[in-house]
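Here the structure of chain H is known, so what remains is to put chain L in place on it, guided by the hints.
So the protein sequences, as listed, match chains H and L. Quick note: the first sequence uses full-length UniProt numbering, first residue 1, plus one each step. Quick note: the second sequence uses full-length UniProt numbering, first residue 1, plus one each step.
Wrong hints could be hidden among the right ones.
Footprint (simulated), chain L over chain H, 3 or more residues, beta carbon under 8 angstroms [to be verified]: (1) 164-176; (2) 181-194.
25 angstroms max Cα-Cα, derived SDA-like pairs, lysine to any residue [claimed, not checked]: (3) H:Lys162 <-> L:Ala71; (4) H:Lys162 <-> H:Ile193; (5) H:Lys162 <-> L:Pro109; (6) H:Lys162 <-> L:Ala65; (7) H:Lys162 <-> L:Leu89; (8) H:Lys44 <-> H:Ile193; (9) H:Lys162 <-> L:Trp111; (10) H:Lys162 <-> L:Ala41; (11) H:Lys162 <-> H:Val107; (12) H:Lys162 <-> L:Gly160.
Don't read these hints as lab results, they were simulated from the structure. Ideal Cβ placement from N, Cα and C applies to all residues, glycine included.
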Amino acid sequence: MASPRRLSAAGWIGAAIAAVVILTALVSLVWTPHDPTVMDVANKLSGPGAAHPLGTDHFGRDTLSQLMVGARVSIAVSVVAVGLGVGLGVPLGLLAAARRGWIDEAVMRFNDLAFAFPALLTAVLITALLGPGAINAILAIGLFNIPVFARVARGAALPLWKRPFIQAARLAGRGRTRISLDHILPNIAGTLIVQATIQFALAILAEAGLSYLGLGSQPPEVSWGRMLNEAQTFLFLEPRLAVLPGLAIVLTVLGLNLLGDGLRDRLDPRLETGLETRREGG
Amino acid sequence: MTEPALLAVRDVVRAYPLPRRHPLAPAGTVRAVAGVSLDLARGESLGIVGESGCGKSTLSRLVTALEPPDAGRVHIAGHDPNTLPRMALRRLRRRVQMVFQDPMGSLDPRWTVARIVAEPLAGLAPDVPRADRRARVAEALAAVGLGAEALDLYPHQVSGGQRQRIAIARALVTDPDLVVADEPVSALDVSVQAQVLNLFLDLRARRGLALLFVSHDLDVVRHVTERVLVMVHGHAVETGPTEAVLSRPAHPHTAALRAAVPRIEAAWEGRARARHAGAPPPPEDVRPGDGCVYRARCPWAVDHCARAVPTLEPVGPGRSAACFRAREVMGG
Numbered sequence: 001m002a003s004p005r006r007l008s009a010a011g012w013i014g015a016a017i018a019a020v021v022i023l024t025a026l027v028s029l030v031w032t033p034h035d036p037t038v039m040d041v042a043n044k045l046s047g048p049g050a051a052h053p054l055g056t057d058h059f060g061r062d063t064l065s066q067l068m069v070g071a072r073v074s075i076a077v078s079v080v081a082v083g084l085g086v087g088l089g090v091p092l093g094l095l096a097a098a099r100r101g102w103i104d105e106a107v108m109r110f111n112d113l114a115f116a117f118p119a120l121l122t123a124v125l126i127t128a129l130l131g132p133g134a135i136n137a138i139l140a141i142g143l144f145n146i147p148v149f150a151r152v153a154r155g156a157a158l159p160l161w162k163r164p165f166i167q168a169a170r171l172a173g174r175g176r177t178r179i180s181l182d183h184i185l186p187n188i189a190g191t192l193i194v195q196a197t198i199q200f201a202l203a204i205l206a207e208a209g210l211s212y213l214g215l216g217s218q219p220p221e222v223s224w225g226r227m228l229n230e231a232q233t234f235l236f237l238e239p240r241l242a243v244l245p246g247l248a249i250v251l252t253v254l255g256l257n258l259l260g261d262g263l264r265d266r267l268d269p270r271l272e273t274g275l276e277t278r279r280e281g282g
Numbered sequence: 001m002t003e004p005a006l007l008a009v010r011d012v013v014r015a016y017p018l019p020r021r022h023p024l025a026p027a028g029t030v031r032a033v034a035g036v037s038l039d040l041a042r043g044e045s046l047g048i049v050g051e052s053g054c055g056k057s058t059l060s061r062l063v064t065a066l067e068p069p070d071a072g073r074v075h076i077a078g079h080d081p082n083t084l085p086r087m088a089l090r091r092l093r094r095r096v097q098m099v100f101q102d103p104m105g106s107l108d109p110r111w112t113v114a115r116i117v118a119e120p121l122a123g124l125a126p127d128v129p130r131a132d133r134r135a136r137v138a139e140a141l142a143a144v145g146l147g148a149e150a151l152d153l154y155p156h157q158v159s160g161g162q163r164q165r166i167a168i169a170r171a172l173v174t175d176p177d178l179v180v181a182d183e184p185v186s187a188l189d190v191s192v193q194a195q196v197l198n199l200f201l202d203l204r205a206r207r208g209l210a211l212l213f214v215s216h217d218l219d220v221v222r223h224v225t226e227r228v229l230v231m232v233h234g235h236a237v238e239t240g241p242t243e244a245v246l247s248r249p250a251h252p253h254t255a256a257l258r259a260a261v262p263r264i265e266a267a268w269e270g271r272a273r274a275r276h277a278g279a280p281p282p283p284e285d286v287r288p289g290d291g292c293v294y295r296a297r298c299p300w301a302v303d304h305c306a307r308a309v310p311t312l313e314p315v316g317p318g319r320s321a322a323c324f325r326a327r328e329v330m331g332g
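Okay, chain H solo, but in the shape it has when bound:
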């Protein structure tokens, strides 16, 4: 490999934040300061202290433990939702680019249809119809990731199909499916990773929004959105309870966006071919 281009400073900050959130979620699997669902009414709404580093809520549940488990829920929901989008959207986009014609038209018009609906509103509609809960929130968020990835994959694949190395692969007897998997996919992976990072941030935001509206995770499950919901009653009495999960959401989304931008600069194959062409042109 040529010397790898460095991730920008902002990209590193994003990566660090993402790493902290993921680490927190992993730690919460084996250890939290307290059980986040156990109530301790005697210590309700207590401020930060030795026993509860970030205080407790109106039921006396430990806020730090809730934030840690909330990170896990946010990540789990977003990973599955984005995975759904990648798993169905990317093959659709590759298929559209490989086949063109009516298949391409069908996929893209279906995409336009999906884009015509405001994503979060429709997610609200879906969870309202199917009933609230984490699984349905995943489905609702994942559904709207499918057209995003279909479009990005198709858009990145189309110009590649005109490149000589794809023509050469056709002369080498390779079918369209084989070319899509062996040549197209590795060459658009950078673009897809960048998009996945950004969609991941959006999914965390969407999950928090749905939970806040009471359509996502249900009590006694813990999530950042639910914490915000429950904190609004005490907004003036104990702003800490709303500010902490709010900060967690903002920082995570910001971190993922910074990481996405940093990765775009480093991985985007379009920038890479630009460099190669310039080198060749000399």
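Frame of chain H, contents of chain L only:
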């Protein structure tokens, strides 16, 4: 029965749609290749020359069945690749491979050299066991003068000339009878061009390879090919032994191409007359059917050229040209 010709192309036509001038305008087409025929025997080499946009690259894509012709036929060893079932087409493709113009673009930047060169084996030669592939690949690389140390490199880690050698090794790995090379050296430094051209000559001599060599560069074609076919606006206007055609053109366009080669030495006789009158017209202005396609730019054009379409007529041993005044062009 005698063995069918390695490559026989008969009156192939390939048209592309033109952008409409306004939404209600009739959809026009441009015939990039407008009825070209050619033959190539085993071990023979044919150069296709012409200016940019004359259809020479389209012709090479028709010959390799990357695109089907709109009319006419392509036969490779007696088979029409455009009507063959998929498996038979794969067998046929082992015998016809192609080298592209831009070696960077024709090699997948994310594949190693070993995988790139092995791809035609994987796709076309399922009978070659996987274990033998690496040996075949090393053999093909050796044939183009590259050692086994290149196997695990990526395309951007080697020089432009080596990249084109890799592309040639890839074309050779299925042991084809015919290699179609579309401007294979025009993206290379002049110093490297000669090495790659000599490689083509060497491979022809050693392997009995037939070569269809597409180029705009007359010197290159003269160096590599025995016969030449000159194209203008999708039509073949002159064909014959390379040396004879290029030293004494029978078609005004060949003469103009020759005159356009920059030279340090003094101008040839009649050079001024051989030059093009102006640039090639935009494709939509070249209409078939009414006279010679070249007459608008031809310094030899007479009234008759607007009334009748010249066809390829014999003008010498093994030579023919599509010009009413071919004798005069050769004489002057």
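Comparing the hints with the structure gives:
A count of 10 residues in the segment 164-176 of chain H with a Cβ less than 8 angstroms from any Cβ of chain L is obtained; the coverage claim is therefore met, three being the minimum. Using a Cβ-Cβ cut-off of 8 angstroms, 3 residues of the segment 181-194 of chain H lie near chain L, which meets the minimum of three, so the contact claim holds. A hinted pair counts as satisfied when its Cα atoms are at most 25 angstroms apart, and H:Lys162 with L:Ala71 qualifies at roughly 24 angstroms. At roughly 23 angstroms between alpha-carbon atoms, H:Lys162 and H:Ile193 fall within 25 angstroms of each other, so this suggested pair holds.
Between the alpha carbons of H:Lys162 and L:Pro109 the distance comes to roughly 15 angstroms, so the proposed pair stays at or under 25 angstroms and holds. Restraint check for H:Lys162 and L:Ala65: satisfied, since their Cα atoms lie roughly 16 angstroms apart, inside the 25 angstroms limit. Pair hint H:Lys162 plus L:Leu89 holds up; C-alpha atoms about 22 angstroms apart against a cutoff of 25 angstroms. At roughly 43 angstroms between alpha-carbon atoms, H:Lys44 and H:Ile193 are farther apart than 25 angstroms, so this suggested pair is violated.
Restraint check: the Cα-Cα separation between H:Lys162 and L:Trp111 comes to about 18 angstroms, which is no more than 25 angstroms; the hinted pair holds. The suggested pairing of H:Lys162 with L:Ala41 is violated, with an alpha-carbon distance near 31 angstroms, which exceeds 25 angstroms. Distance check on the hinted pair: H:Lys162 and H:Val107 sit about 20 angstroms apart at the alpha-carbon level, within 25 angstroms; holds. Distance check on the hinted pair: H:Lys162 and L:Gly160 sit about 21 angstroms apart at the alpha-carbon level, within 25 angstroms; holds.
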